[in-house]
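My request is simple: use the sequences and hints to build the entire structure.
Residue numbers (our numbering), protein chains in the order written: chain A, 1 to 332; chain B, 1 to 332.
Among the hints, erroneous ones may be present.
Computed footprint of chain B on chain A; a stretch qualifies when at least three of its residues, placed anywhere within it, have a C-beta under 8 Å from a C-beta of chain B [as the list claims (entries may be wrong)]:
{"hint": "1", "region": "131-140"}
{"hint": "2", "region": "188-197"}
{"hint": "3", "region": "221-231"}
{"hint": "4", "region": "256-262"}
These aren't lab readings, by the way, just hints derived from the structure by calculation.
It should be emphasised that the depicted structure is a prediction, and the values quoted were computed from it without experimental measurement.
By construction, the Cβ of each residue, glycine as well, lies at the ideal position given by its N, Cα and C atoms.
One-letter residues, chain by chain:
Number of protein chains: 2
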Amino acid sequence: MLKTPYLLFLGDAPDPLAAKVAQGIRDWRPEYALGQLRLAGCQADMKLPDMSVEQAVAQGAKTLVIGVANRGGVISEKWLEVLEQALAAGMDIASGLHNLLRDEPRLVAAAERHGRQLIDVRVPQVKYPIADGKPRAGKRCLAVGTDCSVGKMYTALALDSALKARDVKSSFRATGQTGILITGEGVPLDAVVADFMAGSIEWLTPANDEDHWDIIEGQGSLFHPSFSGVTLALIHGGQPDALILCHEPTRTHMRGLPEYALPSLEQLRETALTMARIVNPSCRVIGVSVNTAGLDEQEAERYLADLEARLELPCVDPFRQGADRLAGELSS
Amino acid sequence: MLKTPYLLFLGDAPDPLAAKVAQGIRDWRPEYALGQLRLAGCQADMKLPDMSVEQAVAQGAKTLVIGVANRGGVISEKWLEVLEQALAAGMDIASGLHNLLRDEPRLVAAAERHGRQLIDVRVPQVKYPIADGKPRAGKRCLAVGTDCSVGKMYTALALDSALKARDVKSSFRATGQTGILITGEGVPLDAVVADFMAGSIEWLTPANDEDHWDIIEGQGSLFHPSFSGVTLALIHGGQPDALILCHEPTRTHMRGLPEYALPSLEQLRETALTMARIVNPSCRVIGVSVNTAGLDEQEAERYLADLEARLELPCVDPFRQGADRLAGELSS
Chain A
1 MLKTPYLLFL
11 GDAPDPLAAK
21 VAQGIRDWRP
31 EYALGQLRLA
41 GCQADMKLPD
51 MSVEQAVAQG
61 AKTLVIGVAN
71 RGGVISEKWL
81 EVLEQALAAG
91 MDIASGLHNL
101 LRDEPRLVAA
111 AERHGRQLID
121 VRVPQVKYPI
131 ADGKPRAGKR
141 CLAVGTDCSV
151 GKMYTALALD
161 SALKARDVKS
171 SFRATGQTGI
181 LITGEGVPLD
191 AVVADFMAGS
201 IEWLTPANDE
211 DHWDIIEGQG
221 SLFHPSFSGV
231 TLALIHGGQP
241 DALILCHEPT
251 RTHMRGLPEY
261 ALPSLEQLRE
271 TALTMARIVN
281 PSCRVIGVSV
291 NTAGLDEQEA
301 ERYLADLEAR
311 LELPCVDPFR
321 QGADRLAGEL
331 SS
Chain B
1 MLKTPYLLFL
11 GDAPDPLAAK
21 VAQGIRDWRP
31 EYALGQLRLA
41 GCQADMKLPD
51 MSVEQAVAQG
61 AKTLVIGVAN
71 RGGVISEKWL
81 EVLEQALAAG
91 MDIASGLHNL
101 LRDEPRLVAA
111 AERHGRQLID
121 VRVPQVKYPI
131 ADGKPRAGKR
141 CLAVGTDCSV
151 GKMYTALALD
161 SALKARDVKS
171 SFRATGQTGI
181 LITGEGVPLD
191 AVVADFMAGS
201 IEWLTPANDE
211 DHWDIIEGQG
221 SLFHPSFSGV
231 TLALIHGGQP
241 DALILCHEPT
251 RTHMRGLPEY
261 ALPSLEQLRE
271 TALTMARIVN
281 PSCRVIGVSV
291 NTAGLDEQEA
301 ERYLADLEAR
311 LELPCVDPFR
321 QGADRLAGEL
331 SS
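Pasting the structure below:
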């Protein structure tokens, strides 16, 4: 879907967190990340060569990826100038911003003039089918969370890497705009029309070799009232053989919903398995991925050890420890 | 949303079943149904006065409602002529067809020329919010099914009528195109973008008097892999105080999915309550609605009696018996 390699546009990022898309590409697909372009005042740095648009094109860059969020919701004059230059120099532009590239007349005109593509990865590019629920060859693993934003994408990317390191056939399947920008393809599930949600996931994870794993990025949570329907469509479209439970232990309530407490991991296990076994009776939970960024090293180790004793499942923080133990559960 | 009263357009319906939208309006909102317009060969009859477009307008009809399905997926020349006449005579046109009125250049031109509206109820007309999950005043009841198309809309409409007959404040809340055409408003949930599904249901069922019931039309089934995400969004957006389980006892597999058996009513009760209690801990199942059209009178009575003993819940067929027993559970 996206042509590689990329020039990562960091704009005038107010802090490193704003550039999490660029960071994701840098971490997970470094071979795509040719260089970075930063404007005055940029507070993010991917430790990549700084490049102008012209330098990047000269070195082979095919797509400028907007690697930074613009919270204000407006594509600024300063950005537009650089983006027009990129189109003129021969690059496509890819973006996961809420405000779409295609809604900027200057960019639309420049893209047409120079024969380049504007790729808004939030907008579905495909007419997805309605799900038919039929079993298909190959194996699938899905990350499900006690809440939104607890590390499901990170977990899936880390697991995909760990499987590849073991020479197990594996594909990361992106279901959100960050994942799509990182890997260059996927389904922007939260923007798909209701009737086609599960079908879009069947489309994303088609029949494959019997020993191939699709590692599917999770979205939302069965326990998050705003987005639970998206999560269930993902479970029923993905027909997972394996689930990984994802959790952030310092979260005090569901993201954005002060009225809602998080479920326990036991509740998540029970509910997610019940729903998954409707489409795949042999589905099992193979481990727990904990984002322990809010704990110090010792607290994290104790938390994971206690949890492992309690749940009798491998419990890891893939950021601190990698995902090889989870990969072992899939490849054994 | 739709102006009443209606002229019901039955077209050249090949059989009575094809006119189920018209039948629904005739059954549930007879005060909206001024007359019917039938073309040569029409095999459906609502036992309403046959009217031409001009006669209907003279008697006050405001909207021509397409009350019949066109399986071929094309709006035929014969239809277009009548629909153009209706616009010229001063009526709006409302439709739940897959092929949209707005995609017919002749109708678009005629509507513009005569200052009339083309209302495709399958297309969301509103920018829905993301659900915030906040509790709100008033009571809500939702119909959930073991499968799609087991009588959830009929059950909700019958319950709404039965509550009104008891002088209980009640509103039927439509979530599909047939329900929207019958009652003139609602949310076409299966066409809403994933992120906004639950929010559209919060919008549809806002805070109300403490003794008011929203009776929410169900969609899909938690156990139907193609549409389960829609169902869960409905449960989490609707925050139901009460659930009614809907079932069709002669169904041999999930609709359209020969690989999938139906869940038991016990499984549905357990799963739907678990999911509903995430947003409304006091939610309870108040009864079962069975579509016994496939059973004779005696079989139906025996089935309902056995089921009632098994589940210890009121079990009724609202088509045969009305929904007063269910209404009694809500108003007691």
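Structure-based check of all given hints:
1. 131-140: holds (count 5)
2. 188-197: Three-residue rule met by the region 188-197 of chain A, so holds; n is 8.
3. 221-231: holds (count 9)
4. 256-262: Held - the region 256-262 of chain A has 4 residues with a Cβ nearer than 8 Å to chain B, which meets the minimum of three.
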